[in-house]
Amino acid sequence: RKEVEQDPGPFNVPEGATVAFNCTYSNSASQSFFWYRQDCRKEPKLLMSVYSSGNEDGRFTAQLNRASQYISLLIRDSKLSDSATYLCVSATDSWGKLQFGAGTQVVVTP
Amino acid sequence: SQTIHQWPATLVQPVGSPLSLECTVEGTSNPNLYWYRQAAGRGLQLLFYSVGIGQISSEVPQNLSASRPQDRQFILSSKKLLLSDSGFYLCAWRGLAEEQYFGPGTRLTVT
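Read top to bottom, the protein sequences are chains A and B. Throughout the first sequence, residue numbering follows the working numbering, covering 1 to 110 in sequence. Throughout the second sequence, residue numbering follows the working numbering, covering 111 to 221 in sequence.
To be clear, the hints were calculated from the coordinates, so they are not data collected in a lab. Accuracy of the hints is not assured; some may be wrong.
To be verified - SDA-like cross-link-like pairs, simulated, lysine to any residue; straight-line CA separation at most 25 angstroms:
| id | chain 1 | residue 1 | chain 2 | residue 2 |
| --- | --- | --- | --- | --- |
| 1 | A | K45 | B | K190 |
| 2 | A | K42 | B | G137 |
| 3 | A | K45 | B | V125 |
| 4 | A | K97 | B | D181 |
| 5 | A | K79 | B | Q183 |
| 6 | A | K42 | B | I163 |
| 7 | A | K2 | B | T138 |
| 8 | A | K97 | B | Q172 |
| 9 | A | K79 | B | D181 |
| 10 | A | K97 | B | Q183 |
| 11 | A | K97 | B | P124 |
| 12 | A | K42 | B | S188 |
| 13 | A | K42 | B | H115 |
| 14 | A | K42 | B | Y211 |
| 15 | A | K79 | A | S49 |
| 16 | A | K97 | B | G197 |
| 17 | A | K97 | B | S187 |
| 18 | A | K45 | B | W117 |
| 19 | A | K2 | A | S49 |
| 20 | A | K45 | B | S127 |
| 21 | A | K2 | B | S168 |
| 22 | A | K97 | B | V122 |
| 23 | A | K2 | B | W117 |
| 24 | A | K2 | B | G162 |
For clarity, every value in this text was computed on a predicted model and none was experimentally measured.
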């Protein structure tokens, strides 16, 4: 079983709509979580960290549910530029090794 | 501010040829450094990580090796490439809150 699992999508979203998706993690010892964004043929870029209390950054909201071991990302008022693959990431050890999900593809359409 | 460089950006190499990919980081000292590979349509696979000069930990036994000759330099090598070594190679450094920041990557095609 993979440590971090995501729905690969694609999630087809009309411009201006809201989209939300989750990822699940298997290691209950995971301490830190992140969402990264990866554009086609580019490196992943940190979108936001995920805090236990949930956090918001502009149109993006991340939530952590430790009891059910899932993380969510919600994008409001989707823009065409939000089209990308979103990677869910957990950190579980002191060496800084991260576990990456395979990504959820989001396609925002006009 | 910190920046991370990788080169070359793209590389086409024949099977059996050697490989050397370089990664350098600026604006930070003694960073934890990581090499990942991303095969087409797949997730990131951690290959090696280093917490200091000369220290390398290998995550996946394979045809590759890594070295860290200087504090801010991380090198990925192979003596003889295989077709299965094709992929997108990414170097990353670790930030203060366990997040990682990636270089632009090297896209390797083994023919």
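Hints versus structure:
no., hint, result
1, A:K45 to B:K190, "violated (31 angstroms)"
2, A:K42 to B:G137, "holds (22 angstroms)"
3, A:K45 to B:V125, "violated (31 angstroms)"
4, A:K97 to B:D181, "holds (19 angstroms)"
5, A:K79 to B:Q183, "violated (38 angstroms)"
6, A:K42 to B:I163, "violated (28 angstroms)"
7, A:K2 to B:T138, "violated (33 angstroms)"
8, A:K97 to B:Q172, "holds (19 angstroms)"
9, A:K79 to B:D181, "violated (41 angstroms)"
10, A:K97 to B:Q183, "holds (19 angstroms)"
11, A:K97 to B:P124, "violated (32 angstroms)"
12, A:K42 to B:S188, "holds (23 angstroms)"
13, A:K42 to B:H115, "holds (14 angstroms)"
14, A:K42 to B:Y211, "holds (13 angstroms)"
15, A:K79 to A:S49, "holds (21 angstroms)"
16, A:K97 to B:G197, "holds (20 angstroms)"
17, A:K97 to B:S187, "holds (21 angstroms)"
18, A:K45 to B:W117, "holds (18 angstroms)"
19, A:K2 to A:S49, "holds (21 angstroms)"
20, A:K45 to B:S127, "violated (31 angstroms)"
21, A:K2 to B:S168, "holds (19 angstroms)"
22, A:K97 to B:V122, "violated (29 angstroms)"
23, A:K2 to B:W117, "violated (31 angstroms)"
24, A:K2 to B:G162, "violated (29 angstroms)"
Violated hints, listed in ascending order, are 1, 3, 5, 6, 7, 9, 11, 20, 22, 23 and 24; each of the other numbered hints is respected by the structure.
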